[in-house]
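Number of protein chains: 2
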Amino acid sequence: METLIGKPVDSAEVKEVFRLVSLQPLLGSTNETILEAVLLHSHGSLYGRGTSDDKGQVLAVLNAIEALQELPVNVKFLLEGMEEVGSQGLPALLEQQNTTFFSDVDYIVVTDTPWLRSKPGITYGTRGNSYFFLEMRCASRDLHSGGFGGIIQEAMNDLIFLLNSLVDSAGQILIPGIYEAVAPLTEKKKKLYEGNEYDLDQIKAKYGIKHFLYTTKEELLLRRSRYPSLSIHGITGAFSAPGTKTVIPAKVIGKFSIRQVPNMKPSVVEKQVTDYLTKKFAEQKSSNSVKITHVRGAKPWLSDINNPQFLAARKAIKRVFGKEPDMIRVGGTIPVVTYFEELTGKSIMLLGIFGPDDATHGQDEKISRYNFIEGTKLYAAFLHELATL
Amino acid sequence: METLIGKPVDSAEVKEVFRLVSLQPLLGSTNETILEAVLLHSHGSLYGRGTSDDKGQVLAVLNAIEALQELPVNVKFLLEGMEEVGSQGLPALLEQQNTTFFSDVDYIVVTDTPWLRSKPGITYGTRGNSYFFLEMRCASRDLHSGGFGGIIQEAMNDLIFLLNSLVDSAGQILIPGIYEAVAPLTEKKKKLYEGNEYDLDQIKAKYGIKHFLYTTKEELLLRRSRYPSLSIHGITGAFSAPGTKTVIPAKVIGKFSIRQVPNMKPSVVEKQVTDYLTKKFAEQKSSNSVKITHVRGAKPWLSDINNPQFLAARKAIKRVFGKEPDMIRVGGTIPVVTYFEELTGKSIMLLGIFGPDDATHGQDEKISRYNFIEGTKLYAAFLHELATL
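Order-wise, the sequence lines are chains A and B. Here this note's numbering is used: the first residue of the first sequence is 3, the next is one more, and so on. Here this note's numbering is used: the first residue of the second sequence is 3, the next is one more, and so on.
Just chain A, same shape as in the assembly (with noise of 0.2 Å):
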């Protein structure tokens, strides 16, 4: 959600809105109850689908105005339906907009970032994404294996070959020329780092994660957030069940995406990506037909840490929490963030409130009562703040 400073609006039309915040498809909880429309509190935590990701955020802004009563600045909202599909239809609305609702707008404040530890955390970058379609085809319709093994060339062995092209055993990215673009890394900005809270063997155990491919926070940080990855995420077309089936898939579609980070461009890494595949898949020798799309080239972000709204969040946190921030660049995309700033050239500033352990996007999404109760305080506070900069 994006909480736009300006004039407020009528809280009871938002909420209409709010069902319709944008979750990923939820597969394989561990917990049957915990469905997208079923909401458990369980030791401490808030479980379902979207409590952190992105309805528990926006929910904590709406309490926050609600348990305020006078706003101390003018608040207007967009609520963002198709963030986990590319925000379709997001561009043209805002570049509609730009000179009518936003027009009134000093500061925008976007409520879907974590925290690194149980510690505040302001975002001020995030990386891209590039997301593929790979797809191949063998025939016009399914085989069995019986029938067409050993006489064809399999669609499926042609996906996985170009597949496992695509990024070594140790996270490296195979694709020549990708890292060229990637912004050098200063004395001062990796300082940035070290004073972040990132508590590795809490992240292990709650993932069941038993090796990261780096040993200290630091570079574990740098590495999910300034630096591009690659990872490879399915397979459509082929046989996906349950259980055995002796098919030989016609047609797969392999789906991987690339994290890009400043100063990659998506057109860049699309003709990277595109060149890169064609030139492996001619190795291959294969008479399948392939077909490369870049179905999504969502931008990285970067933002001036020493802009006001920043201060004012500092101060707010300070004041909720005791203590100093951790300022963050996340490892994640938020498509809008870079439509709003080059648009609108406004000041843009991520300042959400779920925890490092939330499972976004995984099985049981939860939100702790902590970052729940203490974000809204934030939120109730920073609007503060922001009246007497």
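I should point out that these hints are in silico values taken from the structure, not numbers from a laboratory. Careful, some of the hints might be misleading.
Copies of the same chain look alike in the list, so a pair counts if it fits in one copy or across any two.
[Claimed, not checked] Dumping the calculated BS3-like pairs for lysine-lysine here, alpha-carbon to alpha-carbon at most 25 Å:
1) Lys219 with Lys193
2) Lys192 with Lys267
3) Lys293 with Lys208
4) Lys320 with Lys193
5) Lys212 with Lys282
6) Lys287 with Lys219
7) Lys191 with Lys267
8) Lys348 with Lys206
9) Lys191 with Lys379
10) Lys78 with Lys293
11) Lys348 with Lys191
12) Lys212 with Lys191
13) Lys287 with Lys212
14) Lys325 with Lys348
15) Lys273 with Lys190
16) Lys282 with Lys192
17) Lys191 with Lys320
18) Lys293 with Lys325
19) Lys212 with Lys281
20) Lys293 with Lys212
21) Lys78 with Lys267
22) Lys293 with Lys206
Dock chain B against chain A, hints included.
Below, chain B without anything else, positioned relative to chain A:
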């Protein structure tokens, strides 16, 4: 289905069992009306899941017997409901019934094999099927690729790496020793393939295949029936839905199977696959957890084509179609065949009636009216020829 030549059973009872005949799951039919329970008559063919594999062929036998009114030999039925999932439970049942139900049976006929073209064929060999689950785990729950991309070894990367090591682009299996046990090809056996009818262009057009790995009919038939092949069927646990999701799947299971041939033993294949993948995984230097499971090991089968029931079938084909049959080794697997043969010591023959373009296990499965009706006549004639042996 297996037709056991012995005393007849009550056909009303049999028809109840028929509903259970084993089917493959139905995915992505191009015609929404063609569902598992629906039969569509169109362009001279009967469309629907199981029309050829294996409901249609069961029904042809029942129709033949109904038409005969008086049976020239006794017939017993065994209707198999779990062939598509590895015939669990059947071996135990066969063992139990070996000295009772099977005691007065002379010949066993399985009705679950295709013709090569428009001419009937008798099948005297099948490939086996060793099915493997290759499980890889990097976390206890799915992760957000923004938060974890670049700092952990992703399970999908390791799985893709291992799957990519199984077979090359020319269809050759890369597992050491896998071809060692393959029976050598004699000139006499090679000759058996020369008379076979198989229309490469028809098959290409039907299935939208651009290119076969071999250019002649003989090579193609040899490759798909007396040499092993390996197919990667899919991945369970990764993102497989349409659209995009930026997940790092925590636990993924790659599914592949090997169609093995005489004299490859499933237990040896299992060891070769496990040893090879264990060695390859060590090369990857990953901290992830791997588990290799041999979920099914169905043996290949090869019979004596000079057995009396094969002669009766040839005569019946000559009578109904006016020509000699193709003598066929198929690429698929009918696990129960080897169980029958080894346990009962009886002669077993595969006399199916479906066409090479019926899309069994694929989308829009069908059987042509010609095959269904002439096949019904063939079964009736076969019972007569058996009686005159």
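- Index of numbered hints that the structure contradicts, given in increasing order: Hints 8, 9, 10, 12, 14, 15, 16, 18 and 21 not satisfied by this model.
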